[in-house]
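S.K.: Sequence:
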Amino acid sequence: MLRRTYNWTLRRASDRHAFLWLALLSFSEASFFPIPTEAMLVPMVIARRDQAWRMAGLATLASIIGALFGYAIGYYLYDSIGGWLINIYGLEGKARSFQDWYARYGAIVILVKGLTPIPFKLVTIASGFARYSIPSFLAAATISRGLRFFIVAGLLRRYGPPIAQFIEKRLTLVASTCLLLVLGGFAMVKFL
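Under full-length UniProt numbering, read the sequence shown as residues 1 to 192, first letter to last.
Keep in mind that a hint or two might mislead.
[Stated by the list, open to error] SDA-like cross-link-like pairs, simulated, lysine to any residue; straight-line CA separation at most 25 Å:
{"id": "1", "residue 1": "K169", "residue 2": "I143"}
{"id": "2", "residue 1": "K169", "residue 2": "N7"}
{"id": "3", "residue 1": "K169", "residue 2": "F69"}
{"id": "4", "residue 1": "K169", "residue 2": "D50"}
{"id": "5", "residue 1": "K169", "residue 2": "I35"}
{"id": "6", "residue 1": "K169", "residue 2": "R49"}
{"id": "7", "residue 1": "K169", "residue 2": "Y159"}
{"id": "8", "residue 1": "K169", "residue 2": "R4"}
{"id": "9", "residue 1": "K169", "residue 2": "F32"}
{"id": "10", "residue 1": "K169", "residue 2": "L61"}
{"id": "11", "residue 1": "K169", "residue 2": "L10"}
{"id": "12", "residue 1": "K169", "residue 2": "R158"}
{"id": "13", "residue 1": "K169", "residue 2": "L180"}
{"id": "14", "residue 1": "K169", "residue 2": "T9"}
{"id": "15", "residue 1": "K169", "residue 2": "R157"}
{"id": "16", "residue 1": "K169", "residue 2": "G154"}
{"id": "17", "residue 1": "K169", "residue 2": "R11"}
{"id": "18", "residue 1": "K169", "residue 2": "V152"}
{"id": "19", "residue 1": "K169", "residue 2": "I46"}
{"id": "20", "residue 1": "K169", "residue 2": "P36"}
{"id": "21", "residue 1": "K169", "residue 2": "R12"}
{"id": "22", "residue 1": "K169", "residue 2": "A47"}
{"id": "23", "residue 1": "K169", "residue 2": "L155"}
In short, the hints are calculated from the structure, not lab data.
Bear in mind the structure is a predicted one, so any value in this text is a computation, not a measurement.
With the hints as extra help, turn the sequences into a complete structure.
M.R.: Right under this line is the structure:
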């Protein structure tokens with residue numbers, strides 16, 4: 001099943017709608033969907049290394065638009081959709097503590113959490129819920145997401161073939177590590 005999913009992703013990464021798939025995943029990952037953008041960005045850059053910067057730019061732009069959507073969920077719809085999404089991830093108690101963090105650390109919270117495996121949608125929804133300054137939110141989100149996606153794309157552009165071979169040979173290890181990072185991100189938010 002893992003190999004089929006990986007092959008499906010590689011096919012999507014190299015088909016004519018790849019950029020649309022990437023934009024949709026980046027948008028939804030920043031606002032409500034649990035799968036990280038790198039699940040599409042990595043195979044796309046491996047398949048088309050000459051387009052790495054364009055892909056990273058698109059992922060960043062779509063993620064920022066998705067972040068605004070997540071912010072709106074937290075700002076306008078927290079009592080219905082926002083709270084429901086936070087509860088799905090089992091983090092209902094943590095969203096309110098984010099307000100204290102934002103009061104003290106603001107942009108640093110967004111910058112750090114945008115670079116870590118902590119699901120970014122939690123940051124965007126919590127930012128809206130905390131009524132954090134939209135210009136500051138956008139600046140910090142753009143920096144953190146841009147750094148994350150451009151670093152991934154740059155490393156894959158430069159070292160793509162050996163990384164692709166490593167992934168091909170050790171797909172279960174790579175997938176398990178990625179899953180552990182995502183679960184670790186959720187755990188960090190829940191227990192820290």
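S.K.: For each hint, tell me whether it holds in the structure or not.
M.R.: Now for the hints, and whether the structure bears them out:
Annotation: proposed proximity of K169 to I143 is violated, straight-line Cα distance about 34 Å (limit 25 Å). Restraint check: the Cα-Cα separation between K169 and N7 comes to about 13 Å, which is no more than 25 Å; the hinted pair holds. Our distance criterion of 25 Å between C-alpha atoms is broken by K169 and F69, whose separation comes to about 38 Å. Between K169 and D50 the CA atoms are separated by roughly 23 Å; this keeps the pair inside 25 Å, and the hint holds.
Proximity of K169 to I35 is assessed by CA-CA distance (about 23 Å); at most 25 Å being required, the pair is judged to hold. About 20 Å separates the Cα atoms of K169 and R49, which keeps this hinted pair within 25 Å; it holds. As the CA atoms of K169 and Y159 are separated by approximately 16 Å, the hinted pair is consistent with the 25 Å bound. Distance check on the hinted pair: K169 and R4 sit about 15 Å apart at the alpha-carbon level, within 25 Å; holds.
The straight-line distance between the Cα atoms of K169 and F32 is roughly 32 Å, outside the 25 Å bound, and the hint therefore fails. For the suggested pair K169 and L61, the alpha carbons sit about 32 Å apart, so the restraint of at most 25 Å is broken. Of the supplied pair hints, the one linking K169 and L10 holds, its CA atoms being roughly 15 Å apart against a limit of 25 Å. In summary, the hint linking K169 to R158 is supported, as the alpha carbons are separated by about 20 Å, within the 25 Å threshold.
For the given pair, K169 sits about 19 Å from L180 by alpha-carbon distance, which is consistent with the 25 Å threshold. A threshold of 25 Å between alpha carbons decides the hint, and for K169 with T9 the separation of about 16 Å falls inside it, so the pair holds. This hinted pair checks out: K169 and R157 have alpha carbons roughly 19 Å apart, not beyond 25 Å. A hinted pair counts as satisfied when its Cα atoms are at most 25 Å apart, and K169 with G154 qualifies at roughly 22 Å.
Distance check on the hinted pair: K169 and R11 sit about 18 Å apart at the alpha-carbon level, within 25 Å; holds. Restraint check for K169 and V152: satisfied, since their Cα atoms lie roughly 20 Å apart, inside the 25 Å limit. Of the supplied pair hints, the one linking K169 and I46 holds, its CA atoms being roughly 15 Å apart against a limit of 25 Å. Our distance criterion of 25 Å between C-alpha atoms is met by K169 and P36, whose separation comes to about 22 Å.
The straight-line distance between the Cα atoms of K169 and R12 is roughly 20 Å, inside the 25 Å bound, and the hint therefore holds. With a C-alpha separation of about 16 Å, the suggested pair K169 and A47 falls inside the 25 Å cut-off, and the hint holds. As the CA atoms of K169 and L155 are separated by approximately 19 Å, the hinted pair is consistent with the 25 Å bound.
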